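Build out the structure end to end from the sequences listed, making use of the hints.
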Amino acid sequence: MISFENVIKKYGNLVAVDGVSCNIDKGESFALLGPNGAGKTTLMRLLLGFSHCTAGNIVIEGLPAGRSESRKKVGYLAELNRIPPYLSGEEYLMRHAAFCGLTGSRAKKFVGEILEQVGMNGSERKKASQYSKGMTQRMGLGAALLGNPELLVLDEPTSGLDPLGMRDVRALLEKFKKSGGTIILNSHLLSEVERLCDTVAIMNKGRIQVKGPLSHIVHGNETLEDVFIRHVEDKNSYDE
Amino acid sequence: MMNNLIRISVITINDQMRQKSFYLLLAIAIVFVLLTRGCYQGDYSVNGRQVENIAVAWYASLIVFHVIAAGMLLMASMLSMGIFSRDRDDGSMVMFLSHSVDRWQYVLGRILGTWVLSTAFMFILHLAIFLIALANTGGMITGYLTASLLCSVNLLYVIVLTCFLSLFMPNVMAAIFTLGIIGISFISDGAYQAMQSEQIRQLIYSENHASLWRILYPKVYMLQHYASTLITNNAFVGMSPTYVWGNIVFYTGALTAAVLWRFYNSEI
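The listed protein sequences derive, respectively, from chains R and U.
Throughout the first sequence, residue numbering follows our numbering, covering -10 to 229 in sequence.
Throughout the second sequence, residue numbering follows our numbering, covering 44 to 311 in sequence.
Calculated from the structure, these hints are not laboratory results.
Please read these numbers as outputs of a predicted model, since none were measured by experiment.
Hints are not guaranteed to be accurate.
Taking lysine to any residue pairs in the SDA-like style, the calculated list, with each CA pair at most 25 Å apart, reads [as the list claims (entries may be wrong)]:
id: 1; chain 1: R; residue 1: K61; chain 2: U; residue 2: R50
id: 2; chain 1: R; residue 1: K194; chain 2: R; residue 2: E80
id: 3; chain 1: R; residue 1: K61; chain 2: R; residue 2: R159
id: 4; chain 1: R; residue 1: K116; chain 2: U; residue 2: N57
id: 5; chain 1: R; residue 1: K122; chain 2: U; residue 2: R50
id: 6; chain 1: R; residue 1: K(-1); chain 2: U; residue 2: I311
id: 7; chain 1: U; residue 1: K63; chain 2: R; residue 2: E139
id: 8; chain 1: R; residue 1: K116; chain 2: U; residue 2: V53
id: 9; chain 1: R; residue 1: K122; chain 2: U; residue 2: R61
id: 10; chain 1: R; residue 1: K115; chain 2: U; residue 2: D132
id: 11; chain 1: R; residue 1: K115; chain 2: U; residue 2: V53
id: 12; chain 1: R; residue 1: K122; chain 2: U; residue 2: I49
id: 13; chain 1: R; residue 1: K97; chain 2: U; residue 2: N57
id: 14; chain 1: R; residue 1: K97; chain 2: U; residue 2: R50
id: 15; chain 1: U; residue 1: K63; chain 2: U; residue 2: D132
id: 16; chain 1: R; residue 1: K194; chain 2: R; residue 2: H205
id: 17; chain 1: R; residue 1: K98; chain 2: U; residue 2: I54
id: 18; chain 1: R; residue 1: K115; chain 2: R; residue 2: D157
id: 19; chain 1: R; residue 1: K166; chain 2: R; residue 2: S118
id: 20; chain 1: R; residue 1: K61; chain 2: U; residue 2: M60
id: 21; chain 1: R; residue 1: K194; chain 2: R; residue 2: V48
id: 22; chain 1: R; residue 1: K61; chain 2: U; residue 2: V144
id: 23; chain 1: R; residue 1: K(-1); chain 2: U; residue 2: N57
id: 24; chain 1: R; residue 1: K98; chain 2: R; residue 2: L161
id: 25; chain 1: R; residue 1: K61; chain 2: R; residue 2: A44
id: 26; chain 1: R; residue 1: K(-1); chain 2: U; residue 2: A301
id: 27; chain 1: R; residue 1: K115; chain 2: U; residue 2: D133
id: 28; chain 1: R; residue 1: K97; chain 2: R; residue 2: S118
id: 29; chain 1: U; residue 1: K63; chain 2: R; residue 2: Y75
id: 30; chain 1: R; residue 1: K116; chain 2: U; residue 2: R131
id: 31; chain 1: R; residue 1: K(-1); chain 2: U; residue 2: S128
id: 32; chain 1: R; residue 1: K164; chain 2: R; residue 2: Q119
id: 33; chain 1: R; residue 1: K166; chain 2: R; residue 2: K194
id: 34; chain 1: U; residue 1: K63; chain 2: R; residue 2: I13
id: 35; chain 1: U; residue 1: K63; chain 2: U; residue 2: A171
id: 36; chain 1: R; residue 1: K164; chain 2: R; residue 2: G16
id: 37; chain 1: R; residue 1: K61; chain 2: R; residue 2: E50
id: 38; chain 1: R; residue 1: K115; chain 2: U; residue 2: M60
id: 39; chain 1: R; residue 1: K61; chain 2: R; residue 2: T30
Structure (structure tokens):
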């Protein structure tokens, strides 16, 4: 479904993504792990066309990433989702719905369902300026789920959520996964990744250090945290 | 394709009308129209001789036409200066571009929406003056509303120019630069136009040759002046109307291309 071919992204002298190549299949739940500044968010931004590759290609369902058609079936949640403060949650979702091809009563029905799913029923008329960080994140997830996307690109989806909120989001993502959807998840919460994802890639300094199914990466008594630390620390000490 | 463009334009009109600055400008416009109403009521005399009400109303309407057209350039600049930075800050840009919306659709949709709103705003103000004059004198000022629509081309130029500059500098600076560019057009072309009048020529001897930069400079004032000739029925002297049109359309087109190019290469 998605293919990264030797993707390089440079900002001046800084190499944010350094020759990343990997494939993500349809229905796969793929987690990107790595320390801050590893290049995970940059990779997601390249995937969505928010940023242009310095070299290499990203292809979504045969279409180059960055082309608007490639985003037709993609739902995206940014790390720190923001909603225009003068919009109510409902208006925000209706705007998203319009761009998913939903209008009128159909859009209202979908938005109503989404509001219920993300637990924002009753708060939809409030202005976004009155929302907490967690509520904004829930609305963002709702917007990503609108229009039945085939691919969800989530950058720290549980950031700002309390444990109950995290549980709700996890349940939603599990439901999406069961329906055959593909997920690309960038998260620092390793427990969340272990529960939700089939495949993990650990990035550091713009490169994928290790990639594979969870069962292949984590051996014996090791935990995902051990594997993460081993790959990140090894690389850091090597570079130093 | 067009659907996205129209959708973003409509959203832009909606968004702009929710900004505090829009309400401030609306309040100023209402006060201005109310104050203008006074000009049409009353007796005027010059050197002890009574002046016809219709003549006063006609001149007042002409002056107000220019004041509104020029004031709207300021308003258009204020409305457009923060489009991109505000969208970046409040997440609107990501909201649009995470869907199957092309960057050019986003940029043109935002510009088009702001232009439609500014044009409608200016037209309503001109219409209000037109109706006030009609109600007080019973006479219609022909060409008044057509001239208003003609001036909307200037608004588009100002919006695109401000958007372009705001991609390189802080919003307020972009608006100030835009107003500076327009100000130069008003001073330079206004002086040039004044030189065309016989009375001024008799007072000041002038070669009456405009330098190249004056000819090539954006003809914002000239377009407004040309529009006003539709009201006065005077001949538009000194320059071909086609050139004035072509000049503004060329600058608007070139700046739009530059905004699209700059925005295409920027990070979201």
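Hint by hint, here is what the structure shows:
no., hint, result
1, K61(R) / R50(U), "holds, 16 Å"
2, K194(R) / E80(R), "violated, 40 Å"
3, K61(R) / R159(R), "holds, 24 Å"
4, K116(R) / N57(U), "holds, 15 Å"
5, K122(R) / R50(U), "violated, 28 Å"
6, K(-1)(R) / I311(U), "holds, 15 Å"
7, K63(U) / E139(R), "violated, 39 Å"
8, K116(R) / V53(U), "holds, 20 Å"
9, K122(R) / R61(U), "holds, 23 Å"
10, K115(R) / D132(U), "holds, 20 Å"
11, K115(R) / V53(U), "holds, 22 Å"
12, K122(R) / I49(U), "violated, 32 Å"
13, K97(R) / N57(U), "holds, 19 Å"
14, K97(R) / R50(U), "holds, 17 Å"
15, K63(U) / D132(U), "holds, 17 Å"
16, K194(R) / H205(R), "holds, 23 Å"
17, K98(R) / I54(U), "holds, 21 Å"
18, K115(R) / D157(R), "holds, 21 Å"
19, K166(R) / S118(R), "violated, 32 Å"
20, K61(R) / M60(U), "violated, 30 Å"
21, K194(R) / V48(R), "holds, 23 Å"
22, K61(R) / V144(U), "holds, 9 Å"
23, K(-1)(R) / N57(U), "violated, 38 Å"
24, K98(R) / L161(R), "holds, 18 Å"
25, K61(R) / A44(R), "holds, 24 Å"
26, K(-1)(R) / A301(U), "holds, 24 Å"
27, K115(R) / D133(U), "holds, 16 Å"
28, K97(R) / S118(R), "holds, 22 Å"
29, K63(U) / Y75(R), "holds, 11 Å"
30, K116(R) / R131(U), "holds, 19 Å"
31, K(-1)(R) / S128(U), "holds, 24 Å"
32, K164(R) / Q119(R), "violated, 29 Å"
33, K166(R) / K194(R), "violated, 30 Å"
34, K63(U) / I13(R), "violated, 46 Å"
35, K63(U) / A171(U), "holds, 23 Å"
36, K164(R) / G16(R), "holds, 12 Å"
37, K61(R) / E50(R), "holds, 11 Å"
38, K115(R) / M60(U), "holds, 19 Å"
39, K61(R) / T30(R), "holds, 20 Å"
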